[in-house]
Amino acid sequence: MLEVAGLRKSFGSLLVTDDVSLSLAAGAREAVIGPNGAGKTTLFNLLSGELRPDAGTIRLAGRDVTRLPPDRRVTAGLARSFQRNNLFLGMTVAESLATAVALRRGESRVFWRPFAGARALHERAARLAESVGLAERLQTDVRHLSYGSQRQLEIALALAAEPRLLLLDEPTAGMSPEETKTMQRLIAGLPRDLTLLLIEHDMDVVFEMAERITVLDYGRVLVQGTPDEIRRSAVVKQIYLGEAG
Amino acid sequence: MPARDPLSLPVLALLFGGVLAAALFVDAYRLTIVIEIAILVIFVLSLDFLVGYAGLVSFGHAGFMGVGAYALAYLAHFQGWPSGVAILAGVACGALSGIAIGALVTRVSGVFFIMVTLAVSMMFWAWASKARKFGADDGLGGLKRMDLKPLGLDLNDDRTFAVVCVVLAVLAYLLFRWLVRSPFGQTLKAIKQNENRARALGCPVQRYKVAAFAIAGAVAAFAGALHLQNTKFVHPEVAHWIRSGEGLIVVIVGGAGTLTGPVIGGFLFVLFHRIVESFTTHWQIWMGLLFVAIVLAAPDGIFGRLLSLVRRKAPKGPGDA
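The listed protein sequences derive, respectively, from chains C and X.
For the first sequence, the residue numbers in this note's numbering are 1 to 245.
For the second sequence, the residue numbers in this note's numbering are 1 to 321.
Isolated chain X (complex conformation) (with noise of 0.2 angstroms):
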């Protein structure tokens, strides 16, 4: 309910904002950092839909954003199809594929839920590392960025690269806050909190699922997709378990189940990496501390955490009693 959130607003206000200035004032190194958090913002929003809002902590989301990326590589470059039509293709991929794995991973729950899915995306990442087509483990390069020129915009640019990623972080924003508001967010709550209840009030709760997953998987894939765009590079490791995991990380440390905490956590995780990475090559012995202290201080994530403070101060609202 809104009038139990008054954070969040003048913290993506911040964030976002912040973000935006930075895209459009700092140096070349630092619009990297920009186009990065968008980036990793755009993928665990999706992630934390899976995970905080219907309840499927999913150990493989990275491997959508690998399908997103792969099926750009694939029809950009070797079909010569027009980077915008690659890329929604790559979407409507990521969405197929996300139906398709949903269906089947839905089918186990708790730890087996977590393996099935860590071992279905490490599939994807065999197979993209030994893909010749695609430079095997190796990568392929070259690639091309969209073409907006009849907009007006260069992407070539990396200032306006980082402009439009930062607008479309802002847009998967409220497309979720949007989705979770609605009807079916809620019932994907119900699953969350009671899958059991639900099912005896009638929700075909798998069906519900798997469209979380679809839905879930093709924002997933765009990120992939403009991962690829950034970088004009394909890798495996766009794929691997290891962005999976950190996916989590920043959707458990930001506060799952909010849309705000994710957005916290994205934005961190990268300056914190980029800052620790510039003392030691060890930065993610740093990053697991951090984790962990975060976790033990505010098992709800930092947004959580400061949510019910929040909460605790004001007074309670008429009915709480």
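So here's chain C without its partners, still in its complex pose (with noise of 0.2 angstroms):
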């Protein structure tokens, strides 16, 4: 689903992703983790075409997706959740992901019909909140959602995107240990066909949810493999989990 190869970023003279390679099959369920400032989110910007990379690779379901821009690549099915809510403020719960689905659904262009009386994009966007469990927050403005609700908000809208490779930028992040609960039943229950890459800083979270895991350390890759290899590798207890492990 997604071919990463030889991946590079800097920012002047700082190198933020060194020759990063990524493979991910279909269904796969991977996570990347690191210290602070490893270029995780460099990462995930490059995949999605919000930064264009200086050197390297990026395809996407065989297609080659390096130089589209983040619009096209959503079209060709990656998506992406922020780690910082990202959302449209002045709208309800049940307009955002109505917006979202209609910009999926090659709606967005209709200036003909009342958006308000879109019903089938607003079904659509009702059992998108059902899926990530804000159905009873369907008319609630944004705004006024809680920290934890507006995360999954965050989820719901890429999934309106449809997309067949979703990246979660620490979709935890700041939650309580409830929410974070929530948020990882949310995340087990996606359809198996749903190829995720996540990035997280909770270990329970990701040893719980990646079936492989990429540890990035000063924007190059440091290891790969199972969370069980990764658990025992020595050079992740010595740089990643702290000296004492």
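It is worth saying that the hints were derived from the structure and are not from the lab.
Check each hint, because a few of them may be wrong.
[Stated by the list, open to error] No more than 20 angstroms apart at the CA atoms, straight line, and that leaves these computed lysine to aspartate or glutamate pairs for EDC-like: (1) Lys232/X to Asp158/X; (2) Lys144/X to Asp157/X; (3) Lys313/X to Asp300/X; (4) Lys192/X to Glu50/C; (5) Lys181/C to Glu130/C; (6) Lys181/C to Glu211/C; (7) Lys192/X to Glu107/C; (8) Lys192/X to Asp71/C; (9) Lys144/X to Asp154/X; (10) Lys192/X to Asp141/C; (11) Lys232/X to Asp300/X; (12) Lys237/C to Asp217/C; (13) Lys232/X to Glu36/X; (14) Lys313/X to Glu130/C.
Keep in mind it's a predicted model, so treat the numbers as computed, not measured.
Hints given; two lone chains; assemble the complex.
Okay, here's the thing in structure tokens:
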């Protein structure tokens, strides 16, 4: 589903992504971990097209998307959520989701019918809200949602794009233990044919969700392997989990 | 959502109804006020579509008025086209220049966007000020109004012309209301609220911005053509940045991002201008002071302020917890 080869990006003299390669089969669930500043979010920004790499290629389902702008990559089947909530704060939950659905279905160009009367869009929006546990909040203004609910909406928006590959950037960032549990269940319940790539700080989440883990440090791939291999890896213990481990 | 705005209908009925009644009954001097209000309302509605809905704060919107007016003058006066056809051609020119200028200026944002829109519109003004064919900075008179005699309308009669202008202003309002409530309008709002997120949902943001420019440009060009029809005179001043600035003031004071706000703003602007002008030649000082006072007292504009007052009193909906 995703083939990344030799990806490189520097800001000035600072090399933030250094020869990163990744390969995700369809339906794979993988995670990227690494200390702060390891280049995880930069890697996501390169994958989603917000940044252009200096070198390397990104292939999505066999298609070279390295040069495509972000919106075309979404059409090609890649969607992402953001580490910091990145929402439409002037809309209700229903409006934001229906807007996202309209974009997915090419109905955002429709100017001859009212948006509020577009039944199909709003029904799909309601189902999306339900799938992330926001069914009760449909008519709530996004800015009045609790932080945890906003994180859930963040995922629902990405799902509205009906991606084949979903990038989740720290879905549990800033959440209470309870909210983290909810989010974990939500992610575990995503359709099995959806390929997932996850950045996460919460190691419990990572070790439970991911089948394979890539460890980044200073922009380089340190180790790739199964959760067990990563747990046992001496290098990872030393550099990432701390000297004490 | 309509349920959240109980004010628009009564306010608009009052304003449009009042202006229409005025068009029917007032004397010749006051008729010029009515016409001025109607044309300004069309202009600021198109500007509000850009500023308040697409989030594109253009400081050069009067340039499109210039395009509409000069295209009409050229085609009708020099090429002998019937005025009606020439007006439509002027609107098409407005849309095309909206596409061209939109494609250029949406590559930059923030202050640069404002400056580029200003610069492009002033290029048009500079050209018009030197265009001998159009009387350069003296302007060109002797232009004609549209001939609607087959419809039984004599536009050379100012009262008829005023009524037609008011009806056109109402139609412009309905056009934009229809657009902003569509999925297309909703997408523009999404881009305005969070461009980055809209893009991450697959939205080709720039194309939407260019489309917004084309629509706003077309309607502003129409306002320019109507302005020419009113004065029967074309002058570079129609495209001057002061007009763009006045448009922004009207939109902001009235309430950007609402369509009712600019209608209120346009109405008040012309009335205030005419009243203060009769006391002092320095009317712009008073306009400036009033602008500052309103922006301080009502950051969302007059209509935005009214709406939030009404909403605070009204019981909240079940989902607003």
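Hints and how they fare:
Distance hint between Lys232/X and Asp158/X is fulfilled; the C-alpha atoms sit about 12 angstroms from each other, no more than 20 angstroms. With a C-alpha separation of about 12 angstroms, the suggested pair Lys144/X and Asp157/X falls inside the 20 angstroms cut-off, and the hint holds. Of the pairs offered as hints, the one joining Lys313/X and Asp300/X holds, with about 18 angstroms between alpha carbons and a cut-off of 20 angstroms not exceeded. A distance of roughly 18 angstroms separates the Cα atoms of Lys192/X and Glu50/C; the hinted pair therefore holds under the 20 angstroms criterion.
With a CA separation close to 17 angstroms, the supplied pair Lys181/C and Glu130/C stays within the 20 angstroms bound. Note on Lys181/C and Glu211/C: the hinted pairing holds, with a Cα-Cα distance of about 19 angstroms set against a maximum of 20 angstroms. Restraint check: the Cα-Cα separation between Lys192/X and Glu107/C comes to about 18 angstroms, which is no more than 20 angstroms; the hinted pair holds. A distance of roughly 16 angstroms separates the Cα atoms of Lys192/X and Asp71/C; the hinted pair therefore holds under the 20 angstroms criterion.
Under the criterion of a C-alpha separation no larger than 20 angstroms, the hint pairing Lys144/X with Asp154/X is consistent with the structure, at around 12 angstroms. Using a Cα cut-off of 20 angstroms, the hinted pair Lys192/X and Asp141/C holds, with the two alpha carbons roughly 17 angstroms apart. For the hint linking Lys232/X to Asp300/X, the alpha-carbon distance of about 37 angstroms lies beyond 20 angstroms, and the restraint is violated. Between the alpha carbons of Lys237/C and Asp217/C the distance comes to roughly 12 angstroms, so the proposed pair stays at or under 20 angstroms and holds.
At roughly 14 angstroms between alpha-carbon atoms, Lys232/X and Glu36/X fall within 20 angstroms of each other, so this suggested pair holds. Proximity of Lys313/X to Glu130/C is assessed by CA-CA distance (about 32 angstroms); at most 20 angstroms being required, the pair is judged violated.
This entry does not satisfy hints 11 and 14, going by the numbered hints stated previously.
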